[in-house]
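*Asks:* Given the sequences, and given the hints that come with them, work out the whole structure.
2 protein chains.
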Amino acid sequence: MKDYIKIDEWKIIEEGFDPHLNKISESIFSLGNGRMGGRANFEEAYSGDTLQGNYVAGVYYPDKTRVGWWKNGYPEYFAKVLNAANWVGIDIAIDGEQLDLAKCKVDSFYRELNMQEGYLKRTFTATLPSGKQVSVEAIRFCSMADDETGAIRYTITPLNFDGEATITPYIDGDVMNKDANYDEKFWDEISKQAWENGGYVQLRTKKTGFEVATGMMIAVSQDGKTLNPELKPVEKEKYIAQKFNVKLIANTPLNIYKYAANVSSQNHEAKDLPQIAKATIQRVFDKGFDQMLQEQAAAWAEKWKHNDIIIEGDASAQQGIRFNIFQLNQTYTGEDARLNIGPKGFTGEKYGGSTYWDTEAYCVPFYLATAPQKVTRNLLYYRYKQLDKAIENAKLLGFKDGAALYPMVTMDGTECHNEWEITFEEIHRNGAIAFAIFNYVRYTGDHDFLAEFGWEVLIAIARFWSQRVNWSEDRQQYVMLGVTGPNEYENNINNNWYTSTMATWCMDYALTVAEYIKSTHPQRFQELAEKVNYREQEESQKFREIIEKMYYPYDEKRQIFLQQDGYLDKEQILVKDLPASDRPINQKWSWDRILRSCFIKQADVLQGIYFFEDNYDIDTIRRNFDFYEPRTVHESSLSPCVHAILAAKLGDEARAYEFYLRTSRLDLDDYNNDTEDGCHITSMAGTWMSVVEGFGGMRVRDNKLWFNPFLPAKWQSFSFHVGFRGALLNIKVSKAGVQISNQTSTEVSVVVYDQEGLIKGNDTVTFDVK
Amino acid sequence: MKDYIKIDEWKIIEEGFDPHLNKISESIFSLGNGRMGGRANFEEAYSGDTLQGNYVAGVYYPDKTRVGWWKNGYPEYFAKVLNAANWVGIDIAIDGEQLDLAKCKVDSFYRELNMQEGYLKRTFTATLPSGKQVSVEAIRFCSMADDETGAIRYTITPLNFDGEATITPYIDGDVMNKDANYDEKFWDEISKQAWENGGYVQLRTKKTGFEVATGMMIAVSQDGKTLNPELKPVEKEKYIAQKFNVKLIANTPLNIYKYAANVSSQNHEAKDLPQIAKATIQRVFDKGFDQMLQEQAAAWAEKWKHNDIIIEGDASAQQGIRFNIFQLNQTYTGEDARLNIGPKGFTGEKYGGSTYWDTEAYCVPFYLATAPQKVTRNLLYYRYKQLDKAIENAKLLGFKDGAALYPMVTMDGTECHNEWEITFEEIHRNGAIAFAIFNYVRYTGDHDFLAEFGWEVLIAIARFWSQRVNWSEDRQQYVMLGVTGPNEYENNINNNWYTSTMATWCMDYALTVAEYIKSTHPQRFQELAEKVNYREQEESQKFREIIEKMYYPYDEKRQIFLQQDGYLDKEQILVKDLPASDRPINQKWSWDRILRSCFIKQADVLQGIYFFEDNYDIDTIRRNFDFYEPRTVHESSLSPCVHAILAAKLGDEARAYEFYLRTSRLDLDDYNNDTEDGCHITSMAGTWMSVVEGFGGMRVRDNKLWFNPFLPAKWQSFSFHVGFRGALLNIKVSKAGVQISNQTSTEVSVVVYDQEGLIKGNDTVTFDVK
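Residue numbers (the UniProt record's numbering), protein chains in the order written: chain A, 1 to 770; chain B, 1 to 770.
Since the hints were derived computationally from the structure, they do not count as laboratory data.
These numbers were taken from a predicted model, which means no experiment stands behind them.
Note that the Cβ used here is the ideal one computed from N, Cα and C, for glycine as well.
Among these hints, one or two may not hold up.
With a Cα cut of at most 20 Å, we get these calculated SDA-like pairs of lysine to any residue [said to hold, decoys possible]:
| no. | chain 1 | residue 1 | chain 2 | residue 2 |
| --- | --- | --- | --- | --- |
| 1 | A | 549 | B | 568 |
| 2 | B | 178 | A | 350 |
| 3 | B | 374 | B | 721 |
| 4 | B | 557 | A | 476 |
| 5 | B | 185 | A | 183 |
| 6 | B | 71 | A | 422 |
| 7 | A | 178 | B | 721 |
| 8 | A | 71 | B | 673 |
| 9 | A | 178 | A | 71 |
To spell it out: a stretch of chain B is covered by chain A in this simulated footprint if at least three of its residues, at any positions, have a beta carbon under 8 Å from a beta carbon of chain A; those stretches are [as the list claims (entries may be wrong)]:
| no. | stretch |
| --- | --- |
| 10 | 351-357 |
| 11 | 373-380 |
| 12 | 563-571 |
| 13 | 734-746 |
*Replies:* Next comes the structure, spelled out in C-alpha cells:
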C-alpha cells in the first residue's frame, strides 16, 4: 500500500523524485494506444532501478517452458509478450557530463499522466555533479489517431551556464525480457539504416519470425528557431542513433522532437517495413508535434464521450475510476481481432500471454457498454479463430470428436500455461467463453453471430463438458472430478459447483442455440452440422441426460451450494478472525496450508450466482453470499467487483462501496505491492462493473436495460455512459434522482427500479431515486 | 523391455558391442562399495553416447531449485548427487591413432559383472581405422575391503603389428552433472600435483565445501616384466595425467595398472587430503592388483554368506535376484550413519538426494535380515540426527511445538523436492519412518533404542499428525485433508485411508513407547519429556481423542477400505480392459486424465494392509486385494513386491510369482525403458522381500521368525539367509520340505506353517512343505 500519487480528477501526478518508487511509477504512468505502448521509462539515461519496457501488440515469442518436474500434457512453449525496441531514448550529455537522474540532485520533479488528453509529462530541475543546472520538460504519447506512431518533445533549459550539449536520440533493439526462462534474447537484427535526420532498426523475433521496424526522425529548435545540427549516425548491434552537438545558452530552452513509428509484419509485408516505417514517420513529422498532440486530445475526447464515469464529491474515487478506464482504452481498442487484453497490457511483461478468461468474464461487459459493438464481436471472433487450436489442445489431453478446451493463457490459441492444476484443471474458462457469447447476444441482440460463428464454439465447448464428466455408479449421477474452480486456492477438487453449473449451462445453451439456428437458418444449420459432424440426436440426447442427472454439491442444513465436495470438512474460520500477520495468506502460508484452509481467493460459488443471478431468488443469493464472502480473502484483483455487485443487489450499500474501494485504486495505491511489475489491466474492468452493475444496478433483460441504482453515501452524484443498441445514454445518479439522457436520436426503453420508461432520442428522463 | 543380457547365475554378461545399449549397460554394470562408485564407463576414450559418472557417497551440491511457478514453502535448493572426478580414464593412442570404440571395428566384445567376486571385466578386439588390431582386457573394481580405493588392470595386446603406444592415465575433475538445473559446474579446484608415478586432484564443492582428493598411481608391465617408462605429467584445470610411451610388440600383452583413491573431507581433515590420498594409494599399490582382487572376492564371499538367495531350476530368476542383492550391497554397507540409500545408488544421478521413504519402507526389511543389526540402526540413527531439520521443515509449513515433517527427498535433512503435491502433501513418509522404528525393534528386540533415540522421533512425528488433522464439525470426526498417498496418481485428496491409518498408528505407537519408557526407564523418560517439552497429559489426551474419533473412508457395500473420499465416484475400469496402446499411462495420458482415473500407481490401501497385516482378517485382506489390485498399473518399481507378498499370503501362488517376475529383472531387462539413467536401487530390496516375505512367508511375531513358504511351480528349490537375534539361518524350500539350517551356535525358535520348532545351534531341521 502506497500513498504518493496526488489526487486530481483528470491527472495522475507524482511530485518529487523517489528512486524507490520509480518502477511503480513506470507502470502507473505507462502509455499505449492498443497497437504499441510501454512503461514510463525516462528518455534520458537512467542508471538507477528501472524496468525498461516497450511493447508491440500481438508480437510474441514462444519461450521454452521451464518446469521443475515435467507432467504429460504440458505445453512446450510459453508465449511471452515481447520487450521490443526502445524508441523513447534520448541520451543527453552536457559538456561531456551525462544527464542521469541517479547521479544528479533532482528538484521539482513532477510526473503527470494526463488522462483527458492522453499524454505523459515530466518536468524536473537537475543539478549535475559539476554544479551545472538544467530544467527539463518531456512530453510523450503513443498516438491514438495514428496508432503506429508516437512522439516526444524533450525540452532542456540550462539554468546557470552556457555550454555544449551532446544529444543522442536512438532506437535500441538490443533488449531482453526480464521474464525470459533461459536468459535468451528474442530478437535478431534484419536491417538498420540512418537517414538524413532519422533512422530505423528492423528486427525479427526468433522462432515466430515477426518483423518489426522501429524508426525515428528528429527535429531540433532553440528558443523557437529551428536548428539544423550536424547529425552523426551511430550504429551498434540492433541499435541506431543520430548524435549531434548543440550550444546551450543559459535560460534558453532547447527542444528536441523525436517522432517514432513501430510497423510490424502483422500489418505489412515484411520486406516493405523499412520504407513503410520511413513513410509513417515522415507523415507525423510533417504534421508536427503540436498537431499530433491536438489529434491525441481529440481522439481521447471521443473515447471519454462513451466511457467516462463522473463522480461528484470524491476526487480520489474519480481519479481511480478514470485511471482504470484510461488504461483499458490504452490496452485494447477493439480495432484488430487478432489482439486481446493482456493482463498487464503495455505496462509490464509478467505472466506472458495476452488472453485469459478475464477477457470474457470481466472485460466483455465493459466493452459491450462503452465501445462499438464490433469491439466485443472482435473479442469473440478472436476465440472463434482459435477454435481449431482449442480442439487440438483438448485432443492432447485425451478428448475427441471436436471437443475444445480453450487455453488458460494464450497468444495464438495454443496453451502456454504449465501448472497441471491450472492448465489441465481450471477448465471453467471454457464456460466463460460460452457465457461471453450469450452475454454479447443478450446485450446486442446480434443473433446472427450465433449462426455465423458462435455455435461452432458452443458445440465444441459442450462436447468437451460432455466428455469431461463421468457417470458415478456409486451416486447414480454425473460427476466432474479433478478441477480447479475460480478459487485457485483449491486444486484438483471434485464437483466444484461453479464448474459443474457452467458445464451443464454450456450444454443447454449449445442445444438452445442449435434449435434457434435450425428454426431460423435451416440451411446454415445443415452446413454447420456437417462441418462439425454434429450427430444431433445422439449428442443432444447425451447432453440432456447429463443436464438432467448432473450432481451439484449442496448443503441441506445451511441451504447453500457447496463450493465442492468436502468443503465443510474444512476447519471453518472466518477471514475476520485471521491475524493480520497471516495476511495475505498467499505470501504468508505454505501452499498446502492454503489448500487445506476454507479460505477462498476470489468469487467461486458467487461467480456462478453473479453470472446466473436471475436463476436464484434473493434469499438464496443472500445465504450463499453470507456464507462465502466472510471466508473470502479477495487475494485476486478480480474478486471484489463481483462481491460489490452482489452486495449492491442485496441492498448492502456500505459493503458494496467497501468492495469498490478495494479495486478502484489497486494500482494507484499499489495495494498488492506488485504494481512495479505492471498494472492489473483486466481487473480494471471489474472496477467499472462495480460502478455500473453494482451502484448503477444495470442489467440487460428482455432486450432492455434495467437499472436499480443507489448513491454511495460519500458521493454527491455519479454518472456513466452506456451504449445500447445504437443509443448512447448518460445515467446520472444523485439525490435529485436518476437522470437518464439519451445522447443519440435512437430511442431506448429502460426499466428503472422495475418501472419501465421510454427515453426518446436526445431526451432526458428523471426517475425518483430509491 | 530389452533382452540382451546373457543368463548366468553369478554373472551379468553382455556379448557384442551395440552403441545403442551402451548407456543401459553403463548403468547395469556399475560398481560401488558403499563409499565410492560409478557407472561402467570405458577406461579408454569413447566419443559415442555415454553418461560419464563417478560418485562419492555423501558428497552433494545444493543446486538452486528450478520451478515453473513458485509456491510458498518450496525449498530453495535441491541436493544433487555429485558427479565427481573420473578416476577410471586411461587414454590410449597407437602410433598417434586414438583407441575409441566409436571409431573402430569392434569384435568379440564381452562385458561381465562378476557378482560373486565383485569386479567388472571387459574384453574386446578392435581394428583401428589404420587396420591395426589390438585385443584388450580391462578388469576394474571398487574395493570392498578398503573402501576409499579402486583398481584397474588394463591389458592391451597388439595383434598384427609392432608399434608405439602413448598411454595417458588421468584423473579428471572437470565434470558436470547432466541434471544440473542451470548448467553450472559444481566443483572448484583446490590443488593438484603429479608424483613420481601418480598424481592427485583436490576439488572442493561450491557452497557445501566438501573436499575430495582423487589420486592415482600407475604401474606398467609387459609380458610379465615391470616397465619403467618415462612419465610426463600433464596438467589442465581440475585434471592431471601421467603420459608415457611404450613400444608395443605384436601378441605381447602390455599391462597398465591404475590404483586410485577417493578421500574426502567427510572422513579426514581437508588440509591433509593430498597426503592421505597419496598414502592410501601407496597402500594398495604396495599390495598389488592381484592381492586386492583376492581381498575383494573374500569380502564379497562374506557378504554372500549372509545375503545370498539360491534358486534352483531358474537361472534367469537366479541371476535377477543376485543382481538385486549385489547392487544393494554395492550401494550401502551400513558402516556410516551419515549415508543412506540413494534411489540410483552409484549408477546414475537422476532424482538427486539420497534418502526417500523407500529406505524405511523397502530397504529396512532387507538390511534387518541380511546385515548386522547396526546397519539398520544406522539408518534409523540417520533420521534421528536429522530430526531438528524435520522440525524446521514442519515449521516452514506452519506446524509448531516440535512437530516434525521429514523431507520427501533429502541429503542432509533439508527438503529438496519441489512439487507441492509431493513435497507438502505426500506426508505419509513420516509414517514409514515411525514404522521402521517399530519394525527394527520388533525384529531385533532392541527396545533400548526407543529410549535412546526412537521416541524423540516418534513424538515429533505424532505431534505432526495431531496438528495435520482437523476437526470436521460437519462429520463430527477428525479428517485429514489435502494429502497425496503412496499412489501418486492421486494428488491433494482428502482422507487417504493409508495416510490416516498411518497417522493414528503413529500417535498410538508414540504413546505406547512413552508408557514403555516411563515404566522401564523412568529417569530417561523425565529427561526426554523435558528435552522435547512433552506435555504428557494434554498431548496424550489429544492423541487419544484423535485416535478415537478419526474418520477413515469405508465402503459398506463392498466392505473395503476406501482409498480416499470420492474414490467410487470415478469411472471404475480395470487395468486388464485398458488398451495396450494406453500403457504405461504415465507416458500416454495427460496428468489430469491420470488423476481423474481410478488407476493406482502402486500399493496404497494395500501398503497399509501390508504394514498392519495382523490387524486384518484374511477375508478383509482378500476383499481389498481383489478390489484394488485389478485397478493398479504398477507403474512404480516399488509396487509389485507388496502385491507379491499379499498374493502369497492369500495363497495365490501363481500371481505372487507373476508379481515377482515384474521386479526381479526390472533393470536387467530395462522394463521401463529408463535403465540408462541408472538402476532402481531401492526397489531391488522389494525383490528380496517378494522372495523372503512372499514365497518364504517370513514374518516376525512375538520375538520369533514365522515362515509360511511355498515353492513357485517353476523352481526346484529356493533358499535364503536370514540373520535373527544373533543367529544366521539358511532356509531352503524344496519339494522335500522346508529345511532350516542354523549356521551359528545361537539357538532360535521358529514357527513354520504355524508349527513351532527350535533350531539349535548348527543344527538343521526339516519341516514338511505345505
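*Asks:* All hints, please: hold or fail.
*Replies:* Evaluation of the provided hints:
{"no.": "1", "hint": "A:549 <-> B:568", "in the structure": "17 Å, holds"}
{"no.": "2", "hint": "B:178 <-> A:350", "in the structure": "30 Å, violated"}
{"no.": "3", "hint": "B:374 <-> B:721", "in the structure": "18 Å, holds"}
{"no.": "4", "hint": "B:557 <-> A:476", "in the structure": "15 Å, holds"}
{"no.": "5", "hint": "B:185 <-> A:183", "in the structure": "18 Å, holds"}
{"no.": "6", "hint": "B:71 <-> A:422", "in the structure": "13 Å, holds"}
{"no.": "7", "hint": "A:178 <-> B:721", "in the structure": "61 Å, violated"}
{"no.": "8", "hint": "A:71 <-> B:673", "in the structure": "18 Å, holds"}
{"no.": "9", "hint": "A:178 <-> A:71", "in the structure": "26 Å, violated"}
{"no.": "10", "hint": "351-357", "in the structure": "violated (count 0)"}
{"no.": "11", "hint": "373-380", "in the structure": "violated (count 0)"}
{"no.": "12", "hint": "563-571", "in the structure": "holds (count 6)"}
{"no.": "13", "hint": "734-746", "in the structure": "violated (count 0)"}
Violated hints for the displayed structure, listed by number in ascending order: 2, 7, 9, 10, 11 and 13.
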